[in-house]
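**Q** Okay, here's what each chain looks like letter by letter:
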Amino acid sequence: MKKDNLLNPKEVASLLGTPLVTVLRWAYQGKIPCRLHDKEYYFVENEIRRWARSHHLPLGPPPRPAPRNKTRVLVCLSAALHRGRIFFDLPGNDIYSVLKNAVARLPLPSGGNQKLLLDELVNREEIASTGIGRGVAIPHPRHPLDLKLEFPQVSLMYLSTPTEFNAVDGKPVFALFVMLSPTTPVHLKILSRLSLCLQDKDFYRLLDQRSSQSEIIPKVEEIESRLQKNHGPAADPGNSKGRTPHP
Amino acid sequence: MSLPKSGRRFRNILINMDSRLQMIIIGILVGLCSGLAAVGLNLGLETFSRLTERLTQPGLIILLPVTGLILTVLVLKYLIRDFGGHGVPEVIHSVSTRGGALKLRSSFSRLLGSLLTIASGGSAGPEAPVVISGAAIGSNISTYFKSNEKIRVAVTGSGAAAAIAAIFNAPVTGFIFTMEVILGEWAPGSMLPVAISSVTGTIVSRLLKGNQIPFVHRQFEVNINDILATIGLAVALAAFSLVFIRLLKWSGELLSRYLNAALLRALAGGALVGILTLFLPHVRGEGYRLVRQLISGQYSATLLTVLVLILAKMLATSLTLGSGGSGGIFAPALVMGSLGGLLYFQVLTLMLPRVSFTGAALFSLAGMAGMLSGTLQAPLTGIFLIVEITGGYDAILPLLLVSFLCTTLVRLVDEHSIYFYDLARKGQLLRPRTDGRILSELKAAELLETGLKPVHPEMPLKALVPLIIQSQRNYFPVLRKKDRHFLGMLYFNDIKQYLFDPFFLNSLIVEEVMQTDMPRVSINESVRRILQIFDHTGAWSLPVVEDGRFLGLISRATILDHYRKELKAQTEA
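Residue numbers (the numbering used here), protein chains in the order written: chain A, 1 to 247; chain B, 248 to 820.
Don't take each hint at face value.
Claimed, not checked - Per the computed footprint, the stretches of chain B lying under chain A, defined by three or more beta-carbons under 8 angstroms from a beta-carbon of chain A, are:
no.	region
1	261-273
2	359-373
3	392-398
Claimed, not checked - Below are the DSBU-like pairs computed for lysine-lysine, each with C-alpha atoms no more than 35 angstroms apart in a straight line:
no.	chain 1	residue 1	chain 2	residue 2
4	B	K496	B	K673
5	B	K743	B	K350
6	A	K10	B	K709
7	A	K10	B	K743
8	B	K324	B	K350
9	A	K171	B	K709
10	A	K10	B	K496
11	A	K201	A	K100
12	A	K39	B	K729
13	B	K700	A	K10
14	A	K39	B	K743
15	B	K393	B	K496
16	B	K743	A	K171
17	B	K690	B	K496
18	A	K219	B	K324
19	B	K729	B	K700
20	B	K815	B	K729
21	B	K709	A	K201
22	B	K393	A	K39
No lab work stands behind these hints, which were simulated from the structure alone.
Idealized CB from N, CA, C, for every residue including glycine.
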């Protein structure tokens with residue numbers, strides 16, 4: 001015969017996602033099946049599961065917002081930039097031609113739909129310019145497209161001639177960061193890291209000098225490592241380790 | 248030495264037994280004890296009443312109830328330290344809020360009290376005292392066997408059922424009374440011990456007193472006229488019930504308003520009951536002899552006498568119970584009902600001399616059922632009691648009609664029955680599966696949200712930004728830095744307008760934007776009260792503060808979450 005798995009009140013509380021006080025009260029009131037031994041309550045796991053099912057009570061702790069630890073490994077701007085690569089002398093003299101040439105160069109996984117991607121990028125620019133000022137634009141699709149991406153990728157493209165992009169500060173754009181992410185949360189995290197880099201004076205200077213991969217990526221790595229050292233994981237929004245019983 | 252040892256072993260075996268088996272065994276035990284208590288009171292009353300009825304001098308007739316009531320008050324209030332009254336609300340209260348816990352002394356105090364009150368000529372019934380005794384016996388037996396509250400509630404109800412079953416020799420009535428009045432729900436889980444106790448109590452009563460039917464009647468041939476006539480009877484009885492309920496409430500209030508000392512009240516009440524008895528001897532005691540005469544057709548009186556007798560009985564009962572006597576309204580209601588039936592029959596034959604009716608006895612039976620249903624608002628108890636104590640099923644049609652009609656009519660005027668009235672007034676009427684009951688089970692400590700990030704009043708807004716980013720919640724308790732004394736709450740909503748302005752970000756401090764005037768609740772506050780505060784203030788969350796220490800937060804969302812779980816846990820699968 002299979003041996004019954006015994007639980008203490010604390011384990012039942014976490015199984016049912018209720019406070020310990022509630023479990024003890026239920027036991028005392030006889031609402032939940034339990035045994036009394038030496039003034040201590042103990043519970044049989046199968047009985048508790050059956051009881052919860054028959055009373056339509058959910059089992060397990062309350063669901064947490066999202067498994068954040070998994071995405072944390074993936075969210076790394078330097079790696080994304082490494083995957084997206086850096087391109088020089090992107091031709092074009094208006095938003096459409098620039099984007100069209102950019103999409104043509106993008107390292108997309110086989111099966112990625114270039115036509116769809118271009119449409120989405122143009123569509124996004126029509127809603128609001130991604131020119132975030134100081135000659136930088138960050139074209140990206142509105143939704144994560146079915147590009148069969150496993151990881152986010154960011155491609156830095158220097159324009160051969162600075163182009164009018166309807167940027168917030170009105171300045172022509174000389175550098176594009178084309179951002180493709182598998183999910184929206186990942187996109188937001190990559191974006192927040194990119195914004196952090198752009199605030200860094202040395203990084204902007206490298207960008208301004210049209211520096212190559214060998215200079216840009218180490219700089220990004222440096223900024224990202226500083227981020228984790230200085231602020232700890234807390235400074236990265238959405239990486240809090242706080243308990244979330246009631247989101 | 249071997250007896251206590253085996254007793255302890257029996258107890259341990261019972262404690263670890265399957266709960267259903269445990270309930271059966273405890274149910275039998277409770278039925279035995281409770282049945283014995285009921286039969287004991289019954290025999291004691293018969294013996295003492297026979298003695299006191301021989302005393303017929305007018306002075307003694309007045310003096311007897313005075314002595315009886317004073318003795319009752321002395322014994323109950325000063326010797327045993329329990330309360331007077333009929334005690335059924337106490338059982339209902341215990342079953343609905345205290346998991347069926349009752350004092351051990353309640354198992355005999357009312358027996359003694361009602362013996363003194365009724366044997367000395369006070370007008371009251373022995374049923375409510377045996378109900379509370381039986382319930383207290385059940386409660387204490389199940390506490391001894393460490394039963395959980397669910398079992399204890401069922402067993403407490405079983406004690407009451409056995410008591411009613413034993414005193415009337417009526418097992419079904421015992422069962423139905425417990426389900427309808429005491430427990431207030433027909434839960435399959437508690438029916439088993441209640442039924443077993445009812446059966447055991449009845450067996451005890453039959454073994455000791457014989458299988459006698461209290462009120463034997465002749466067979467009826469109920470015709471359509473009778474059935475139609477019962478509709479009018481129901482109206483009359485509903486009116487009587489309402490008058491009786493009011494008299495009961497007022498007598499207690501009036502007596503305690505004008506007479507402060509409990510003994511003085513007993514003196515006055517006893518004297519008044521004595522004077523009533525002097526003129527109308529039928530009001531004394533529980534009055535079963537009168538009922539017996541009525542339904543066997545041996546009693547006859549003029550219309551006016553019957554009406555006066557009904558009112559006198561109401562008054563005498565109200566005075567007896569209002570002045571501290573111990574006893575119930577079961578028996579008086581039966582007396583009034585049977586008299587009311589007779590009165591109605593007399594009026595009917597006077598007005599419709601050509602129509603044939605079965606007889607006064609049938610109307611007396613229907614009257615008893617109607618009056619009981621009306622005053623207790625328990626129609627099923629009324630019907631089955633009459634069917635069982637008269638040993639006849641032939642009157643079931645008028646009984647059914649009059650009981651439900653009367654209950655409904657009384658309920659039109661009075662929302663709560665006489666048993667629930669006091670509880671409802673104190674907000675303690677918590678019937679199973681009602682909102683109030685679920686809220687009463689939840690405790691503030693279970694709803695507490697902890698793990699909030701505290702802030703200090705001197706913190707600049709800028710220092711809050713990382714906290715806001717980290718926190719899953721939109722509120723922060725503000726604690727004094729040196730002793731962590733709770734000062735107020737900081738709500739994200741209040742500060743978000745400043746967060747994006749570098750000027751405010753650097754210049755504002757927490758103290759300037761926190762809220763300090765929100766209500767705080769104590770950890771011991773009832774959830775019902777907390778919800779009222781939510782409703783009054785429109786707040787979404789309230790800080791729980793004890794002696795200046797911040798314990799956590801209670802929010803509406805958490806209450807909903809726990810409320811639903813509690814509701815699900817309470818529902819029998």
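**Q** The structure should be examined with respect to each hint, and the outcome stated for every one.
**A** Hint-by-hint comparison with the structure:
1. 261-273: Contact hint for the region 261-273 of chain B vs chain A: holds, 3 residues under 8 angstroms.
2. 359-373: Violated, because only 0 residues of the region 359-373 of chain B bring their Cβ atoms closer than 8 angstroms to Cβ atoms of chain A.
3. 392-398: Answer holds; 6 residues pass the 8 angstroms Cβ test.
4. B/K496 to B/K673: 15 angstroms, holds
5. B/K743 to B/K350: Not satisfied, since the Cα-Cα distance of roughly 57 angstroms exceeds 35 angstroms.
6. A/K10 to B/K709: 40 angstroms, violated
7. A/K10 to B/K743: Status violated; Cα separation ~39 angstroms.
8. B/K324 to B/K350: Roughly 15 angstroms between the alpha carbons, so the hint for B/K324 and B/K350 holds.
9. A/K171 to B/K709: 32 angstroms, holds
10. A/K10 to B/K496: 49 angstroms, violated
11. A/K201 to A/K100: 30 angstroms, holds
12. A/K39 to B/K729: 41 angstroms, violated
13. B/K700 to A/K10: Given pair B/K700, A/K10 holds - Cα atoms ~25 angstroms apart, limit 35 angstroms.
14. A/K39 to B/K743: With a Cα-Cα distance of about 51 angstroms, the restraint between A/K39 and B/K743 is violated, given a limit of 35 angstroms.
15. B/K393 to B/K496: Given pair B/K393, B/K496 is violated - Cα atoms ~38 angstroms apart, limit 35 angstroms.
16. B/K743 to A/K171: Since the Cα atoms of B/K743 and A/K171 sit roughly 31 angstroms apart, the hinted pair holds (cutoff 35 angstroms).
17. B/K690 to B/K496: It holds: about 34 angstroms lies between the C-alpha atoms, which stays within 35 angstroms.
18. A/K219 to B/K324: 88 angstroms, violated
19. B/K729 to B/K700: 16 angstroms, holds
20. B/K815 to B/K729: 45 angstroms, violated
21. B/K709 to A/K201: Distance ~23 angstroms between B/K709 and A/K201 Cα, so the pair holds.
22. B/K393 to A/K39: 10 angstroms, holds
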